[in-house]
Amino acid sequence: MTPTTAPAPVRRMGSASPAAAAHDDAHRDSPNPHFSDPRVHHPTIASSTLLVGAVWGLLVVAPHLQRAMSTPALDGTGLGWTVIAVAAALLALVVFVARRVLFATITSLPFSIAMLGSLLVATMVGTLVLQNAEPAQYLARYGESGTRVVRGLQLDDLFHSTWFRGLVALMALSLSLLCVRNKVWRTAMWGHGLAHGGVVVILIGGLIGGIGGAKGFIDLHEGQTASSMVRTDGAAERVLPLGFSVTLEEFDVDHYDDAWRLFLYQPGDSGEWQVKRAFQLGETDDWTAVGGGELVRVVAAWPDYELRRELRVSADGTGRPGLELTLGADSRPSVLLAGASGDAGLSLPDGSRLRLVDTSDELQRLIAAPAGDGARHVVRLADGSELDVEPGGTYPLPQGARLHVMDALPDFTYDIASKSARSASDEPRNPALEVAILRDGQDPETRWLFAKMPDYGSQHGQAADALPLVYVRENALTLGAHERVAVAADGLVRELRDGRVVDTRPLAEAFDGLPVRDARLLPSAVEVTVPGTRSERWDRPVVELEHRVGGGPVQRVSISADHTRPEGVVELADGNSVLVLDKRGDDVKSFTSRLAVTVDGEKVHEALVRVNEPLTWGGFMFYQSNYRPEDPTYSGFLVMRDPGLPVVFTGFALMVAGMLFIAYVRPRILARRYS
Amino acid sequence: MFDAGLAIHPWVGAMGALNGGALLAWLPGARKDAVGWRRAALVLLVLAFALNTTLLVARWVDAGRPPFKTLFETMIFYPWCVGLVTLVLVAMHRLLVLVPFAAGISAFGIGYALYRPDVDTVLLPPALQSGWFVPHVVTYFMSYAALFVSFALAILALAKRSRSFETYAHGAAIFGLCALSAGLVMGGVWGKFAWGDWWGWDPKENWALVTWLAYMLYAHLRLMEGWAGRRSMVVLVGAFCAVVFTYLGMNMLPTAEQSMHVYQ
Numbered sequence: 000m001t002p003t004t005a006p007a008p009v010r011r012m013g014s015a016s017p018a019a020a021a022h023d024d025a026h027r028d029s030p031n032p033h034f035s036d037p038r039v040h041h042p043t044i045a046s047s048t049l050l051v052g053a054v055w056g057l058l059v060v061a062p063h064l065q066r067a068m069s070t071p072a073l074d075g076t077g078l079g080w081t082v083i084a085v086a087a088a089l090l091a092l093v094v095f096v097a098r099r100v101l102f103a104t105i106t107s108l109p110f111s112i113a114m115l116g117s118l119l120v121a122t123m124v125g126t127l128v129l130q131n132a133e134p135a136q137y138l139a140r141y142g143e144s145g146t147r148v149v150r151g152l153q154l155d156d157l158f159h160s161t162w163f164r165g166l167v168a169l170m171a172l173s174l175s176l177l178c179v180r181n182k183v184w185r186t187a188m189w190g191h192g193l194a195h196g197g198v199v200v201i202l203i204g205g206l207i208g209g210i211g212g213a214k215g216f217i218d219l220h221e222g223q224t225a226s227s228m229v230r231t232d233g234a235a236e237r238v239l240p241l242g243f244s245v246t247l248e249e250f251d252v253d254h255y256d257d258a259w260r261l262f263l264y265q266p267g268d269s270g271e272w273q274v275k276r277a278f279q280l281g282e283t284d285d286w287t288a289v290g291g292g293e294l295v296r297v298v299a300a301w302p303d304y305e306l307r308r309e310l311r312v313s314a315d316g317t318g319r320p321g322l323e324l325t326l327g328a329d330s331r332p333s334v335l336l337a338g339a340s341g342d343a344g345l346s347l348p349d350g351s352r353l354r355l356v357d358t359s360d361e362l363q364r365l366i367a368a369p370a371g372d373g374a375r376h377v378v379r380l381a382d383g384s385e386l387d388v389e390p391g392g393t394y395p396l397p398q399g400a401r402l403h404v405m406d407a408l409p410d411f412t413y414d415i416a417s418k419s420a421r422s423a424s425d426e427p428r429n430p431a432l433e434v435a436i437l438r439d440g441q442d443p444e445t446r447w448l449f450a451k452m453p454d455y456g457s458q459h460g461q462a463a464d465a466l467p468l469v470y471v472r473e474n475a476l477t478l479g480a481h482e483r484v485a486v487a488a489d490g491l492v493r494e495l496r497d498g499r500v501v502d503t504r505p506l507a508e509a510f511d512g513l514p515v516r517d518a519r520l521l522p523s524a525v526e527v528t529v530p531g532t533r534s535e536r537w538d539r540p541v542v543e544l545e546h547r548v549g550g551g552p553v554q555r556v557s558i559s560a561d562h563t564r565p566e567g568v569v570e571l572a573d574g575n576s577v578l579v580l581d582k583r584g585d586d587v588k589s590f591t592s593r594l595a596v597t598v599d600g601e602k603v604h605e606a607l608v609r610v611n612e613p614l615t616w617g618g619f620m621f622y623q624s625n626y627r628p629e630d631p632t633y634s635g636f637l638v639m640r641d642p643g644l645p646v647v648f649t650g651f652a653l654m655v656a657g658m659l660f661i662a663y664v665r666p667r668i669l670a671r672r673y674s
Numbered sequence: 000m001f002d003a004g005l006a007i008h009p010w011v012g013a014m015g016a017l018n019g020g021a022l023l024a025w026l027p028g029a030r031k032d033a034v035g036w037r038r039a040a041l042v043l044l045v046l047a048f049a050l051n052t053t054l055l056v057a058r059w060v061d062a063g064r065p066p067f068k069t070l071f072e073t074m075i076f077y078p079w080c081v082g083l084v085t086l087v088l089v090a091m092h093r094l095l096v097l098v099p100f101a102a103g104i105s106a107f108g109i110g111y112a113l114y115r116p117d118v119d120t121v122l123l124p125p126a127l128q129s130g131w132f133v134p135h136v137v138t139y140f141m142s143y144a145a146l147f148v149s150f151a152l153a154i155l156a157l158a159k160r161s162r163s164f165e166t167y168a169h170g171a172a173i174f175g176l177c178a179l180s181a182g183l184v185m186g187g188v189w190g191k192f193a194w195g196d197w198w199g200w201d202p203k204e205n206w207a208l209v210t211w212l213a214y215m216l217y218a219h220l221r222l223m224e225g226w227a228g229r230r231s232m233v234v235l236v237g238a239f240c241a242v243v244f245t246y247l248g249m250n251m252l253p254t255a256e257q258s259m260h261v262y263q
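As they're listed, the protein sequences go chains V and E.
If you read the first sequence in numbering that gives the first Met the number 0, its first letter stands for residue 0, the second for the next number, and so on.
If you read the second sequence in numbering that gives the first Met the number 0, its first letter stands for residue 0, the second for the next number, and so on.
Chain E extracted, bound-state conformation:
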């Protein structure tokens, strides 16, 4: 006999610890002259990302299916997406300041995952056995990761009154919105082939729409006179709440039991 679920958990814990370490290393690194600490935090985040990649591959091989089925699994995948977006932005724009945000949300996600772990490899029900499963989920999670980064940058822009953070926040939000649209559309196509309808007014679908409308609202509002700067950053921060609710808040809805999408 062998462990059907938990074998992965010590490694998940290690990944959480690396992210936690990155966050801690950033605390002294926040001082202007503490470049070493900031670099250490980045190195820890890179290590966490590498371990995260390994875990995802291992879980995929082990489960014999994409590891995106349960809340636990997405809580391992989401830090990977955030890590990827963060590291790309660090490489492109030297946005080292994103490291504590990425490490923080990753540590939080992993902590939640370990608090509510999968004890077993959940088998894939027929509805999820589709070629759209991976592109739909990956697109959505990359979007959620970019939107988290835009949220973090919007907070930085508000806190530091920095125009350049606004620019980066906007760039990340637009990328996230494009991915959000693509993910939504893929979900529609998948839904048509799985259930017969490309839109079913399911609570999770509706919240995906609310999220999409919220970012659409941001994209249009910031074109209004006087909204381009700080006010649109406030909108970005608010819009991310819709992301969080769509991802985790579905169980709170009175209509949740009518949904086919809610994570168990």
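Just chain V, same shape as in the assembly:
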């Protein structure tokens, strides 16, 4: 734009070493008339920057002008078009008159520097100003006038603005003309041709993709078929037919399965608990130092924890008769113990209830007894005294304390998902009583009492001075409409309907026609409660640990994945660390969709689509890109059509090859030529 009369630069090797000299660009060591012909314009960085700035200004103003021209006042008068035509003609005239200067400028080194610098600044600004954000965010961050500036300069979607695209186009023009001017077909200039031309090729590929491409989405559930996609690229035609159909045959989310860890938490600098270390539950049961001199080892791990009742043959014969049988698909036997008042029998698959009594006399007493009214709840205190309690009631305790009974569950289970306790059934398998101990001037102390684990509280970190309370549940043994009663003394099972014996069979035949296996009587048995796992699925793991400080005594604790339970957190001896059993967060290993391609009703192709492994078919690429944890058969696909892609990838290769040529091949060619 601004012709200067600066003398042609004197050639000077940039550096003393041949290596650096060889790196020097064509602008200096090629016989370029530009440097010796005083008639030719010599642009400077300043003049080039001015040119880029002028173009930028025009491009920023252009959309505003266009909008102004299309206001209702001017619309239809033809004035808008006249102004545009005149402006275009003027611009064309200026370009024509100044074509030599313009050509010399935009193919010059200073212009390339101005161009690179402008794009650098623009890109930086594009990361500093919020892009495509909500209007409220702009107002909050930049204020009203700031937001006006941001919008006026199109900085809120900078990379898709008219001016940014215009500058990129100007760069493409400059690079193309540069290739012509530098005669890149000469051997020594191959690298320049490839590197600069490569960038042009990439931009052309991007342009082709922008014009002929399409971007959209397909949502499928397993078994569903789509033959078109919904475009998300703002095209007027929202639905684009594919020309074929894709069917989601199967969708799988694969998780990393080693996700359970013991995490060591310690208070961080600002006092909040932070994960300091993580321990994998491995095969090894070696002592592991967890810090603070503390050693920990895993004794047992149950992936799907449950407390199981089992019968053992009484060693000294002082036990009671017991019955074991395996129901349905269970892998473990269910058990009954005669005379255990807490035993309300077993539900059999035909709806009947199975009980065990010692003798036929006892059976007669049962039949004669009046209908009972459920269970009796008893809380036994440390001094041996007993309280008869009901949920909702409040009872006096020693030392002025009071006991409030909140809930009684016959079959306590803890639901990890909802983080709440509930009863798994009406059977008194794991009776539990939720109580609050009220003391004046203190917060209520809430705890669960488990009938089958009377020493649960003392095992799980309750303070030594806490009131020891024992829960006893006595179930009223009353007969229902359909009962089976096994009598230990004669080994026979009576079937009762409405209190009358309708059938009597030996144990081995008592359950014919029912899915009951391996029934056996133990004349003298004791019941034990053992921890076990319901399945191998890591649903509600409990890990049993031993820990000790140095050579100190070994303490055994169990730690549960449920952190709201007392055993959910293990405090270590240093008073500053806790161990927590937890699952790692981001544990999806892969999303896999099996897609079938159908043309005219015929399946022609099938592919597994994963992240990083799109399906390419018929000019479209299908990307695994969405899933919904709550909707496991759903899979979402991004669909792209990009006819410019081969061009872009070619440009990538050309550009890198060109740069390598300039950097490492050309110096050798020149060195040979000069020698």
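Because the hints were derived from the structure by calculation, they are not lab data.
Here the structure is a predicted model, which means the values were calculated and not measured.
Heads up, a few of these hints could be off.
To be verified - Which bits of chain V does chain E cover? Going by a derived footprint, with three or more residues having C-beta under 8 Å, they are:
| # | stretch |
| --- | --- |
| 1 | 108 to 119 |
| 2 | 126 to 135 |
| 3 | 311 to 323 |
| 4 | 610 to 621 |
Said to hold, decoys possible - Far from chain V by the CB rule (all over 10 Å, computed), these chain E residues:
| # | residue |
| --- | --- |
| 5 | Val89 |
| 6 | Ala126 |
| 7 | Phe174 |
What the hints assert, rightly or not - Pairs of lysine to aspartate or glutamate residues, derived as EDC-like cross-links and limited to a Cα-Cα distance of at most 20 Å, are as follows:
| # | chain 1 | residue 1 | chain 2 | residue 2 |
| --- | --- | --- | --- | --- |
| 8 | V | Lys214 | E | Asp196 |
| 9 | V | Lys582 | E | Asp196 |
| 10 | V | Lys588 | E | Asp119 |
| 11 | V | Lys451 | V | Glu526 |
| 12 | V | Lys588 | E | Asp61 |
| 13 | V | Lys582 | V | Asp414 |
| 14 | V | Lys275 | V | Glu249 |
| 15 | V | Lys418 | V | Asp573 |
| 16 | V | Lys275 | E | Asp119 |
| 17 | V | Lys588 | V | Asp538 |
We put the CB at the ideal spot given by N, CA and C, even for glycine.
Dock chain E against chain V, hints included.
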């Protein structure tokens, strides 16, 4: 049970100590006649590099995936790349003067890594399970290492007014720029297969572009009359700031939360 993350940390600490030792040994070695100290510094750097190599291999085997996922892991990988570039230049051009720079940045990186350690082996999300993961990251980190070396040499060139340092700085910068371009292009190809776009105007991508443009600017500026010498060295020093920002500064950007690339 066994430690899922920290087992490696004492060794990382040892590696940091070796690098710190190399830096300390250089201090008396800076005197012209103290060849012994300089050699000691080099030996310590070689030992640190050997330990670094072992740690990377061990971590790779242990995690069952390339150890380039987290900031902590890259803070162990980056010193390795710097060490490699430095040792190659020491072997090729006797550029022993790079030893304190390499040791310094390595010690700094490892210190930062241990200040913010991984407590667990982070699993690889589906997007990173790609054949492009290793070439893309390795190319980029080799580039960043070469560009650090060019930065160090540019400072030396400015401080000592040495033409030969300028030459070496330029060589390292050009190597770094070539690798930067290759890494950028690989990222584009990977992005196309992972996300559907070879360029998404993501803040991290944009800063990678800013870095690339900055070095492109250097490569062109130094061809201008009067820019080949000290002025282009100043440009090199400035351009490395873009590298540092692209690597570590993303969290400062208001647009960072829109990025898919930011190290957690």
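Outcome of the hint check:
1. 108 to 119: holds (count 8)
2. 126 to 135: holds (count 5)
3. 311 to 323: violated (count 0)
4. 610 to 621: holds (count 5)
5. Val89: holds, 17 Å
6. Ala126: violated, 5 Å
7. Phe174: violated, 7 Å
8. Lys214/V with Asp196/E: The given pair, whose Cα atoms are some 10 Å apart, holds under the 20 Å limit.
9. Lys582/V with Asp196/E: With a Cα-Cα distance of about 34 Å, the restraint between Lys582/V and Asp196/E is violated, given a limit of 20 Å.
10. Lys588/V with Asp119/E: holds, 16 Å
11. Lys451/V with Glu526/V: Judged against 20 Å, a Cα distance of about 10 Å means the pair holds.
12. Lys588/V with Asp61/E: holds, 17 Å
13. Lys582/V with Asp414/V: Satisfied, since the Cα-Cα distance of roughly 16 Å is no more than 20 Å.
14. Lys275/V with Glu249/V: violated, 40 Å
15. Lys418/V with Asp573/V: violated, 29 Å
16. Lys275/V with Asp119/E: holds, 9 Å
17. Lys588/V with Asp538/V: Holds: Lys588/V and Asp538/V sit about 18 Å apart, inside 20 Å.
In terms of the numbered hints stated before, the structure departs from hints 3, 6, 7, 9, 14 and 15, listed from lowest to highest.
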